[in-house]
Amino acid sequence: MRFTPHTPEDRSAMLAALGLGSVDELFAVIPEPLRARSWDLPPGMSEPEVSQYLAKLAGLNAQNLVCFLGGGFYDHHIPAAVDALISRGEFYTAYTPYQAEMSQGILQSIFEYQSAICRLTGLDAANASLYDGGTALYEAAMMAVRKTKRKKLIVCTSVSPIYRIMLRSYTINLHLELVEADVSDPAALKGLLDQDTAGLILQNPDFFGVLHDYAPHFAAVHELKGLGILGCNPIALAVAKSPAEMGADIAVGEGQPLGLPLSFGGPYLGFMAVREALLRTMPGRIVGRTHDGQGRVGYCLTLQTREQHIRREKATSNICSNEALCALAAVIFLGLMGKQGLVELAELNMTQAAYARERLTSIPGVEPVDQGPWFNEFRVRLPIDARVAVSRMIDKGIAAGFPLGRYYPEQANNLLVAVTEKRSKEEIGYLAEGLEAVL
Amino acid sequence: MKTIFAKSRPGRRAASLPCSRVDERFCQMSQLPPELRRSEPAELPEVAEIDLVRHYTLLSRMNFGVDVGTYPLGSCTMKYNPKFTEVAARLPGFAGLHPLLPQLRRGGLLAQGALRVIYELEQLLKQITGMDAFTMQPLAGAHGELTGIMLMAAYHHDKGNQKSLVLVPDSAHGTNPASAAIAGYQVVTVPSKNGVMDPTAFKEMLNDQVAGVMMTNPNTVGLFNPYIAEIAEAAHQADALMYYDGANLNAIMGYAKPADLGFDIVHLNLHKTFGTPHGGGGPGAGPVGVVEHLRDYLPISRVDMRGDGTLFLDYDHSKSIGYVAPFYGNFGVCLKAFAYILALGGEGLKEVSQDAVLAANYLRVKLGDKWQVAFDRPCMHEVVFSAEDKVARHGVSALDVAKALIDEGFHPPTIYFPLVVKEAMMVEPTETESLENLDALVAAMGRIADKAAADPEALHASPITTPVGRLDEVTAARHPVLQEPLEEAEA
Chain A
1 MRFTPHTPED RSAMLAALGL GSVDELFAVI PEPLRARSWD LPPGMSEPEV SQYLAKLAGL
61 NAQNLVCFLG GGFYDHHIPA AVDALISRGE FYTAYTPYQA EMSQGILQSI FEYQSAICRL
121 TGLDAANASL YDGGTALYEA AMMAVRKTKR KKLIVCTSVS PIYRIMLRSY TINLHLELVE
181 ADVSDPAALK GLLDQDTAGL ILQNPDFFGV LHDYAPHFAA VHELKGLGIL GCNPIALAVA
241 KSPAEMGADI AVGEGQPLGL PLSFGGPYLG FMAVREALLR TMPGRIVGRT HDGQGRVGYC
301 LTLQTREQHI RREKATSNIC SNEALCALAA VIFLGLMGKQ GLVELAELNM TQAAYARERL
361 TSIPGVEPVD QGPWFNEFRV RLPIDARVAV SRMIDKGIAA GFPLGRYYPE QANNLLVAVT
421 EKRSKEEIGY LAEGLEAVL
Chain B
1 MKTIFAKSRP GRRAASLPCS RVDERFCQMS QLPPELRRSE PAELPEVAEI DLVRHYTLLS
61 RMNFGVDVGT YPLGSCTMKY NPKFTEVAAR LPGFAGLHPL LPQLRRGGLL AQGALRVIYE
121 LEQLLKQITG MDAFTMQPLA GAHGELTGIM LMAAYHHDKG NQKSLVLVPD SAHGTNPASA
181 AIAGYQVVTV PSKNGVMDPT AFKEMLNDQV AGVMMTNPNT VGLFNPYIAE IAEAAHQADA
241 LMYYDGANLN AIMGYAKPAD LGFDIVHLNL HKTFGTPHGG GGPGAGPVGV VEHLRDYLPI
301 SRVDMRGDGT LFLDYDHSKS IGYVAPFYGN FGVCLKAFAY ILALGGEGLK EVSQDAVLAA
361 NYLRVKLGDK WQVAFDRPCM HEVVFSAEDK VARHGVSALD VAKALIDEGF HPPTIYFPLV
421 VKEAMMVEPT ETESLENLDA LVAAMGRIAD KAAADPEALH ASPITTPVGR LDEVTAARHP
481 VLQEPLEEAE A
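For the protein sequence lines, the chains are A and B, in the order given. Going by our numbering, the first sequence opens with residue 1, and the numbers climb by one from there. Going by our numbering, the second sequence opens with residue 1, and the numbers climb by one from there.
The hints are simulated quantities; they were obtained by calculation from the structure and are not laboratory data. Be a bit skeptical, because a hint or two may be false.
Claimed, not checked - Below, a list of computed lysine-lysine pairs in the DSBU-like style, where the Cα atoms sit at most 30 angstroms apart: (1) B/Lys159 / A/Lys314; (2) A/Lys56 / B/Lys126; (3) B/Lys126 / B/Lys319.
As the structure is a computational prediction, the values presented were derived from the model and not from experiment.
With the hints as constraints, model all of the structure from the sequences given.
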């Protein structure tokens with residue numbers, strides 16, 4: 001398959017205009033000893049051949065698996081309108097809207113996305129997106145370090161262990177002190193907070209699905225002039241106390257639940273919102289509303305002096321490409337759910353999870369671990385290693401949950417179970433019956 | 001156009017949710033205590049599905065993409081994005097696959113197709129670049145750069161080297177110095193001479209403090225640096241690593257491989273070279289490849305093959321830098337790039353570079369009549385012009401030219417970059433624009449050149465065919481309005 005439109009005559013005409021006899025002459029500047037010595041790539045294929053091959057590979061993945069996996073990434077229903085709209089070529093074949101006049105569509109959609117994120121978090125300003133929840137958390141941590149000129153970050157162990165590994169990876173060369181401790185209880189935090197604390201990083205709901213009020217934590221970190229960073233689930237924000245109400249300075253999170261497919265890990269969407277005082281240290285693209293010479297309202301990229309293409313090594317971040325199309329999907333999803341629908345979606349998830357929790361904890365030997373309250377995910381303690389139980393369930397066509405021993409060695413018997421609106425009562429029943437049978 | 005918030009009416013809705021079929025008491029059980037509940041629901045729009053669909057359809061009509069017209073935005077490789085790859089990425093077996101599945105015992109057997117995409121794409125990218133191993137984790141080009149510099153740091157730490165500097169040529173993308181700086185290095189800028197990084201200046205600035213050098217070749221002015229072997233040899237003698245920014249790989253496929261040019265670490269922009277859509281700003285994907293002696297530092301997990309041919313996630317690499325992304329990269333983007341490479345094959349990819357370079361040189365010669373070429377010698381896949389003479393003679397800037405091109409129906413080139421060229425206009429036609437489209441661009445630029453002399457005021461007033469004219473960016477930055485004010489939506 002070729003996507004280049006040139007006919008042999010076109011090529012000849014262009015070469016003639018250049019006074020050249022062959023296209024190879026254009027590459028003469030590459031010294032002979034540096035030329036590629038091999039080019040062992042397969043021959044091209046037709047569209048039906050590639051499509052069939054990919055369909056075959058897709059068929060090697062789980063089909064009809066009933067999924068209770070979560071861990072920050074959820075199997076929610078995606079309304080058909082989301083894909084229909086983001087599939088418009090005017091949106092998805094464009095790039096960053098550097099030329100505002102011909103990019104008002106994507107610019108306004110980003111402005112609307114920023115508005116929706118501000119309203120969900122209660123904070124003052126949001127950026128146009130970051131890569132994912134983990135990189136958003138890292139960017140938030142670096143903002144705290146830059147803003148406070150301090151070196152210590154306190155991260156609660158109930159923050160996603162995946163994101164904590166990312167934080168460790170990113171900060172290894174930066175001479176920072178990364179303190180990971182269970183600070184769910186504010187009393188535990190007191191001993192760790194000090195004058196060198198740049199930021200406190202918490203997550204709501206935490207990795208185990210439990211919802212918290214972190215107002216006392218953020219009040220404590222503010223007393224020492226550090227910043228409060230909260231990782232959030234965007235659908236839980238419909239009902240949970242907002243980051244602003246808790247006193248967080250920066251809210252970040254994974255936007256995947258907002259209309260993005262699981263797609264084996266990406267593309268996803270990192271969202272970020274901040275208090276006004278932090279606006280000019282925020283990373284990423286930001287869209288602002290302004291007007292043209294005739295007073296017509298329009299939108300443009302703004303506050304660009306923070307960014308790499310202007311500030312180079314002094315930029316607040318190196319981000320260039322972001323996840324604009326995913327942000328568009330998110331704002332469409334939020335519009336489709338609407339003010340009331342998002343609350344109902346959140347409550348439905350909670351109700352379904354409550355039912356699953358009761359079914360699972362009714363199984364002899366299966367015990368609850370937390371007191372709650374929970375969002376759409378919870379952990380239970382099994383009488384055997386959760387990895388073993390899950391592997392037995394896989395054979396029954398059920399991904400029963402995530403065995404926490406993978407990231408918390410002391411929790412080998414604990415299973416993290418996520419239940420979205422897509423799981424039927426019957427499927428929850430299969431989970432409970434299946435689990436009882438394999439224990 | 002009004003925002004979606006301004007179109008909201010209380011009580012209107014689009015959401016369609018399943019009725020809970022579980023007992024009412026679970027509803028009660030899951031109620032949040034007041035101290036954990038938010039005080040007011042978030043003010044999201046209340047619209048019917050038709051309102052919302054029309055709103056975003058109308059917005060899309062106020063946007064310009066490759067599907068609409070020629071988009072010669074230099075450095076961004078705005079080529080055609082094949083449609084069949086979109087269908088592939090939406091196959092339920094891929095789109096519905098939970099990334100934690102292969103981390104469950106026996107779960108990997110249920111993700112063999114996805115793991116195979118990653119594994120086979122790695123083999124293809126190795127062949128294209130000559131590198132020995134790739135990670136798909138980096139989520140964009142700049143993210144690949146950051147990953148690459150982290151690998152550089154891990155290598156030097158492991159060897160006990162104390163190095164603090166990264167050298168970057170003055171023509172580099174802004175992401176290069178930004179990536180090196182946020183990874184903890186001090187950036188030193190190397191001057192160019194006659195368009196390319198000067199090997200003499202480079203050697204003078206090279207010392208035992210230098211951890212690495214970041215280059216793209218061909219560089220941002222579209223020129224291949226013929227001194228690359230000499231530069232790489234000097235860098236390696238100082239135990240500095242050579243980093244290749246793959247933004248311009250579209251120029252050299254089949255002709256040269258970064259590994260053969262002496263590079264140790266390379267990132268590729270799948271959304272540039274391998275035809276995946278740019279999404280209005282993203283998502284992209286920035287896989288990173290390394291030579292053998294850096295393999296151990298790559299992020300985990302790595303996809304590896306067992307003796308029986310099954311694939312698995314290998315986390316057992318003690319020297320790894322860890323995770324740079326939560327899972328296996330922007331899988332959906334990697335899948336589209338994989339489909340693109342399979343479709344084109346080796347000969348097709350080589351033809352991509354031939355046609356991309358041919359088109360850029362054709363524009364260099366055709367536009368050269370009326371426009372000042374920054375470096376008047378054969379270029380690679382992109383060519384930089386300067387409006388400096390138009391500013392001097394007619395008061396018409398690169399910005400004016402860009403806005404006038406919008407009225408001609410084209411997306412403008414990248415302007416004011418690279419920084420080494422005054423009033424720069426960086427044109428990258430790519431291989432997918434036909435000769436007619438290239439000629440139309442030449443004709444449009446010709447009319448603009450004539451108008452610059454005859455009626456410069458008309459150019460200052462452009463664009464006039466768009467929904468809005470030039471926007472007041474100063475006010476936007478001084479008095480930022482970054483979200484729809486709540487009062488306005490209610491009024």
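| query | Tell me, which hint numbers fail for this structure? | reply | none
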